[in-house]
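Protein chains in written order, with my numbering: chain A, 1 to 115; chain B, 1001 to 1113.
No lab work stands behind these hints, which were simulated from the structure alone. These numbers were taken from a predicted model, which means no experiment stands behind them. Careful: at least some of the hints might be erroneous.
Claimed, not checked - With the Cβ distance kept under 8 Å, some of the chain A side facing chain B (calculated, not the full set):
| no. | residue |
| --- | --- |
| 1 | C12 |
| 2 | G43 |
| 3 | H49 |
| 4 | Q102 |
| 5 | T104 |
Don't be surprised by glycine CBs; every beta carbon is placed ideally from N, CA and C.
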Amino acid sequence: DAKTTQPPSMDCAEGRAANLPCNHSTISGNEYVYWYRQIHSQGPQYIIHGLKNNETNEMASLIITEDRKSSTLILPHATLRDTAVYYCIVRVARGSSGSARQLTFGSGTQLTVLP
Amino acid sequence: EPEVTQTPSHQVTQMGQEVILRCVPISNHLYFYWYRQILGQKVEFLVSFYNNEISEKSEIFDDQFSVERPDGSNFTLKIRSTKLEDSAMYFCASSGLQGNEQFFGPGTRLTVL
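All chains, full assembly: derive it from the sequences and hints.
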């Protein structure tokens, strides 16, 4: 799986948009970009994923650059409950055997939403 | 909303003892995983399970570890002879046919004394 680079920490004011960047310059054509978050030792929580088009769901938006070498997760109106470690993970959906691939977690970005 | 459940929430054991951590994945999911997180460290993959067999395993998942799906609902992780360094949060996860979105349980905190 391609390596990702994220800033170790970011702050965001409550109610403002949080934009979390991720670099994945060695991403392959069949690798997806996934975002998960972990709120203080709870189980990681899936947020969103995409291949090359921008994606939006009820939690967030994912913007992937045209060359796919970087992406940005956008939380449009951050709340205090969004304080968490956010992980950007690049991987193929399925391995050669057809089974779903593992997730390889890095250190992520600690997002702190300030009141 | 369906969720992954894990029991117990906290397990304390003596070094050398066997422990079994239990998980109930989401009912129609096909892929099952165990991860662990030592305090203050990254979440690490242990093993994935599909079609009643191990699909992938990491270097951490040595002969002391085993997984089993004894019935249609439970998915267990057994550590045969626990070591102090096995102390960690253990997370179970499951995913559906597409394998994209992994749903994680709340974790079991294992403390080895």
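Hints and how they fare:
Contact between C12 (chain A) and chain B, as hinted, is not supported at the beta carbon level, the nearest pair being about 23 Å apart and thus beyond 8 Å. The interface hint given for G43 (chain A) is met, as the beta carbon of that residue sits about 3 Å from the closest beta carbon of chain B, less than 8 Å. Interface hint at H49 (chain A): satisfied, since its Cβ lies 6 Å from the closest Cβ of chain B, which is below the 8 Å cut-off. Given the 8 Å rule on beta carbons, the hint for Q102 (chain A) holds: about 4 Å separates it from the nearest Cβ of chain B.
Hint status for T104 (chain A) relative to chain B: holds, with the closest Cβ pair at about 7 Å, below 8 Å.
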